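Okay, here's what each chain looks like letter by letter:
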Amino acid sequence: MPAIADRNSSPFKGMSAAKSCEVVGSNGCYTPQKRRLRSNSAAVNESPVSTPMKLKSPRRRLVSSPSSPANKIKEDLSGKPVKKFWNPRDVEQMRAVKEALHVSTAPSTVVCREDEQKKVLDFCKTCVKQEKAGSLYVCGCPGTGKSLSVEKVKQQVIDWATMEGLQPPEILAMNCTSLANTSGIFSKILSMNKSKKKITGSTSPLQHLQNLYSNKQAQLGSKMLLIIADELDYLITRDRAVLHDLFMLTTFPFSRCILIGIANSIDLADRFLPRLQSLNCKPMVVTFRAYSKDQILSILQERLLVLPCIVFHQQALELCARKVAAASGDMRKALSVCRSAVEILEAELRESASNLSLTSVEGEFISPQTVPALEIYPSQENSTVRIDHMALALSKTFRSPIVDTIQSLPQHQQIILCSAVKYFRGGKKDTTIGELNKSYIDICKSALIPAVGILEFSSMCRVLNDQGLFKLGQSRDDKFKRVTLKVDEADISFALQGIRLFRNCLQ
Amino acid sequence: MGREKEKEKPSEKALNLLRSRLADPNFIFKPLSDSPDSNYSKLKFIISTSVTEACNNSILLLGPRGSGKVAVLELVLSDLLQQYPDVISVIRLNGLLHSDDNCALKEIARQLCMEHQLLFSKVASFDDNSQFMIAMLRECGLAHKTIIFVLDEFDFFAQGKQRLLYSLLDAMQSVNSQSVVIGVSCRLDVDQLLEKRVRSRFSHRKLLFLSPSKEDTERFMEHILSLPVDSSIPQNYTAEFNGRLKKIISDERFKELITTYLSFNFTIGHLVRFQAVSYMDLDVGFLSLENFKTALSSNQRQSKLECIREYKSIHDSSQTSDNYAANVCLRAFEHLLQRQLISFIDNKGHNQSVEFRPVKLLISSAELHQGLKSSHQCPPVTMLRAARTHLENPSAFWLLTPQHLYSVMH
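Residue numbers (our numbering), protein chains in the order written: chain A, 67 to 573; chain B, 1127 to 1536.
I should point out that these hints are in silico values taken from the structure, not numbers from a laboratory.
The model shown is predicted, which means the values in this text are computed figures rather than measured ones.
It is possible that part of the hints are untrue.
As the list claims (entries may be wrong) - Covered by chain B, per the in silico footprint, the following chain A stretches (three or more residues, Cβ under 8 Å):
#1 163-170
#2 339-347
#3 365-378
#4 455-467
#5 484-490
#6 530-538
For glycine and all other residues, C-beta sits at the position ideal for the given N, C-alpha and C.
With the hints as extra help, turn the sequences into a complete structure.
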């Protein structure tokens, strides 16, 4: 395996950058960034191309090794190793692509988070070196790589400590959602301590820990304890005691714990730990900002590097990165959109599978010697994920189903929505079913449609309530239940604009 | 005894067969599964690729009640269970019953135990159950088995701290586990109810279950109501039944009926509870258009008509003549107001006397016709009748005052 990696890593890396920009026609501004990133990653990790082997968990089938993607790199046109377009009909390649894009696949290098990782790593290193306790708070929006980065740092700290000859700290990594009781965290910390003393029933785990950390003899020679508490805001209670006590543990004179807390809110430390400031031991804060468009693009490309073929059109990736960065900067969403685009391509190919004539299929398999290089690309172009696939995937992810549903409601329910919009235009925010009924009957009369009775009307209102378009209050009598509209008026007008009746009504 | 059995009419057998079909939700949605673009095939594709490619996935099925979400899901699951017998295990939770985290975890642990023939302990604590679930997920991941979580009434799970959702979706972020989370809900905006952490981990795949088109509906009716050729019912009866059914379905009036029905609610579930089949006249032995008409009208119960009948019964007990005094008319008018069969046009003008305030009719003319058809003279009814004659002219303004009514009645 190392042999394959060496043969393919250097020429492959250099050539693929040049080739992909030549073939797909992206402008030059991306290549310098690509090369810089690759040189960065080369420093940290020797051979990303060998990761197809590394990533393959035991559950990969053994069949894949003879036809593994790495071997296919040997095919070349005009003597240079080149990244060819993928064949989406190949099951193995499809599986590899989907796995590379799956959220659960942890990349071997965490790109775009080098600064933040360095900060956390330096903090841990100083704590371990000086054998001092400390606390750190990592915050950021969901999907910004916090847990991933802290995982990497955890490993790096142990490696570094072993290299430096220091005692590597013990690690307690936990997710606070798994605690049944918020004070259970202290029992977990205590159990890591492996203290010889028996835990008596009278002292709570917290008190026990506090005694331990105030006592010099007990701590001599024991290891440092690195506590990583994920989703820290589950520990917030009304009196904020648990969170406070947890961070206070690091302030004791002989404390041995290094605490890293991860949560979403940026001001958790300020809001919930005000007393720490007076003691001058506020936790250090590392903020993971939402990903920008360039960062998302580079992360996606890094993930796709492990594949030997070009899967996405460059512009499709850019569109995805732009849209997701503008919306939330959440990496999980970007990966989900890319996977969805791949599936759309797959579905399209399946549909046209019967229509696809034999000649175009054979076109992909014509040996390179007989056909000039450029002629192959047009037919293979069709098998990459293009911008239209990506646009469809983006609209499916970001669009709410409300407009579709309104358009497919039965006529009378649409009339009810319309009458609600008209009624609430006057500035009122809610009304009763009885009043709404009158408005509804008015519209029916003007449209010369026979209106339905009050029973049907209230059951239709209830159906709309179930779907989340209305909100019905409680009342004994149906007629006096209060109704509010939960959908924007603009959405309803937009959805119904195709029907003349509603257009006239709502103008 | 034997002779009675033979004499069981084929129509009765047919009726029983149709009734049992209507009660089985899986049968109803089978024709939907044929077209490649349908939700059935999309769902099947997503779940089967998750199983074969061993990756995690999550999906939401959205649509109004009765549009067949759970039925299609059950169809897909039963097909997949046949295709991959040992690889899939299904855990079913319902938001109405299991929205509390402790309850939900207990139920998950119990179902996992049942699937894998382990002993379940009722006194296991929350911690134990969650450890068990995580361990099982890991074991199944290593053994290449997929666990499918079906969360019915998903919007109830989104209440409170959403711990269960978080732990399920978080488990899918790790390489070890192999699971698919399917949420079923009738609220369209259910993913707005999720916390941002949970929403980030959810893969934003949604399948919308919308109303079937008219052609689809007709196909349905035909599929449900036509008798199979190979049942125990005599062949000639079956042939004639199916022939008549085809004629009914292609009849213009039937199409009109269906369109009227579909214009206020469309869910297939409602359509199926059409009691047309129970109106089938056993003597004649076949379905007819009138059966459908009766069923449609019985579906739309009119409460107002009942109150008109009530008046009739009260009135019959006392004897009156055709002409009524003004105060009787007024009293009758107030009755109508109270029952909300008519109402004042605007709320102003309280100082005006009742006799001169304009009113409008709150029930549709169709209801009015139907109600008046079946009742006799009594002051409110006569008043309504008068109103009807006044309003029969479609271009007339639908405004009356009590004075008008009084004058029309005399």
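Against the structure, the hints come out as follows:
1. 163-170: holds (count 5)
2. 339-347: Check failed, 0 qualifying residues.
3. 365-378: violated (count 0)
4. 455-467: holds (count 4)
5. 484-490: violated (count 0)
6. 530-538: holds (count 4)
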